[in-house]
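**Q** These are the residues of each chain, in order.
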Amino acid sequence: MGRLSVDLCGKELDNPIIPASGTFGFGYEFAELYDINCLGTFSFKGTTRDMRFGNPLPRIAECESGMINSVGLQNPGIDKVISCELPKLRRCFHKPVMANVSGFSTDEYAEVCERLDGEDNVGWIEVNISCPNVHGGGMSFGTDPKMANAVTKAVKAKTKKPIIIKLSPNVTDISEIAKACEEGGADGISLINTLLGMRIDLKTKKPIIANKMGGFSGKAIFPVALRMVYQVYEAVKIPVVGMGGISCAENVVEMMLAGACACQIGAQNLVDPYACRDIIDDLPRVLDKYGIKNIKDIIGGAH
Amino acid sequence: MKNCIFTVNENINIAKDVYKMTLSGDTSDIVFPGQFVNIALSGKFLRRPISVCDVNGNELTLIYKVVGGGTEQLSKMTGREKLDILSGLGNGYDINVPGKRMLLCGGGVGIPPLYLLAKRLIAAGAECICAFGFADKCDVFYTDEFKKLGCEVNIATVSGALGTKGFVTDIFPEEYDYVFTCGPEPMLKAVYKKSKTGGQFSFEARMGCGFGACMGCSCKTIAGAKRICKDGPVLKKEEILWED
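Line by line, the protein sequences give chains A and B.
Read in order, the letters of the first sequence are residues 1 to 303 in this note's numbering.
Read in order, the letters of the second sequence are residues 1 to 244 in this note's numbering.
Note that these hints are calculated values from the structure, not bench results.
Warning: the hint list may mix true and false statements.
Said to hold, decoys possible - Pairs of lysine-lysine, DSSO-like flavour, derived with a Cα cap of 30 Å:
#1 A:Lys206 x A:Lys11
#2 B:Lys148 x B:Lys194
#3 B:Lys137 x B:Lys82
#4 A:Lys80 x B:Lys194
#5 B:Lys82 x B:Lys100
#6 A:Lys205 x B:Lys119
#7 B:Lys194 x A:Lys212
#8 A:Lys206 x B:Lys16
#9 B:Lys65 x A:Lys80
To be verified - What the simulated footprint calls covered on chain A by chain B, stretch by stretch (three residues with Cβ under 8 Å from a Cβ of chain B suffice, anywhere in the stretch; the number is not a length):
#10 26-33
#11 60-67
#12 182-189
Backbone N, C-alpha and C fix where the C-beta goes; we use that ideal spot for every residue, glycine too.
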């Protein structure tokens, strides 16, 4: 056990750094650059029951200190993920991975989780009830406490893997949603997904994103994410995984002080593919600087 | 893919809003013509993808057009600036194709990647006929450089101020064995319709990462979904699926 190790729902991570779903694919692009076994774990590309192409282009718009994406859950579907991606992943990543799943009905969420239950290299299932880029699914489950509770119960009934529910920030009271998930049996909460945002092209005078709106992420959202992690930490007893705008080791320490037991890094991977590796390498220096012996000692320290 | 620091050597205006920048750095991952680099700029969150025009040892040549704040920032550089660059991105053109007479069809800033391609094709013994399209005379660049490589260069301008009035498809040669093209999508579509041979088409898209992680630039093809940045930007003619 090193000074960076943390516990996530009963499984030890070598360090609290987890690339966020949708910014790390199934790991291969990054495995070409560095040994991704240095990561705590990573959350793989959001997977649905059926294959999805996703939204029309353009899907990306730049913002001040961040970006908007409207990918729309492009993925090969659970069959291909199990038959192709997971075996391929085993060759370059030797730790348990976090499976990220999404759906359009409670049954679909349950079915995908049931399929993953027997996969030995899946350590946790992160259930995304917060995708802002699909209609009739995703975020609509994460903005209503009753539906969030129902999805949690449905997936818990189908798998023994720890269930982490990923929440949307696009709600009035995120604590209420987190409590509904905890009551439904969730083993952990992760937050925040992207904030619904928009850009308009001054030349065409129309939205840049084909789907008009998309999810805003990147450095700019860090204070919002930090605030929500702080609130959710006070509202629930289960572990909280913090994410949103983290770009350096100092941000990780700050997020953990707010209550995160581990941190996900998202948009920063897209502009700096070495971001996670470099943050892990830099953490001991930052811990020394602030007189922290073991990183797990600071979780929730700001409360 | 490699992440390296490049130093700007020179940055000159060569046509209206078009700049040629040469840089020094580790170019070892730039293997195929048609690949691109992704440049980090201070104050901009996303990198700027620019196609590779030429590589000579550790010297990299980029030609880009000022289309927004990022490329404007690039255009202001005068030399010695250090740039954080992801290099060797994308699949690039495959020059192992049937035939000897190659048609290189380019529109505007779609032309630069065809330069390294022409060099490689000529070195491999092929003949290159270029059909280049520009909006107007003030937009024309690099035609002499292609001629110096030994290419036959034909020009069309929309205004008619230089070369044939019209589009690249108006200056197609009678005979050619294969087509390589890069330019705006309407041009690619016209070339696709007019060309009777096999070909390779280089596409452009708004990208997130530029290296295949975010799925921000996926397109549908006959062979399923492909990422323009990683599985492209060059697609074979037979796999293209136009979406109208």
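**Q** What are the numbers of the hints that this structure violates, sorted from low to high?
**A** Result: hints 1, 3, 4, 5, 6, 7, 9 and 12 break, sorted rising.
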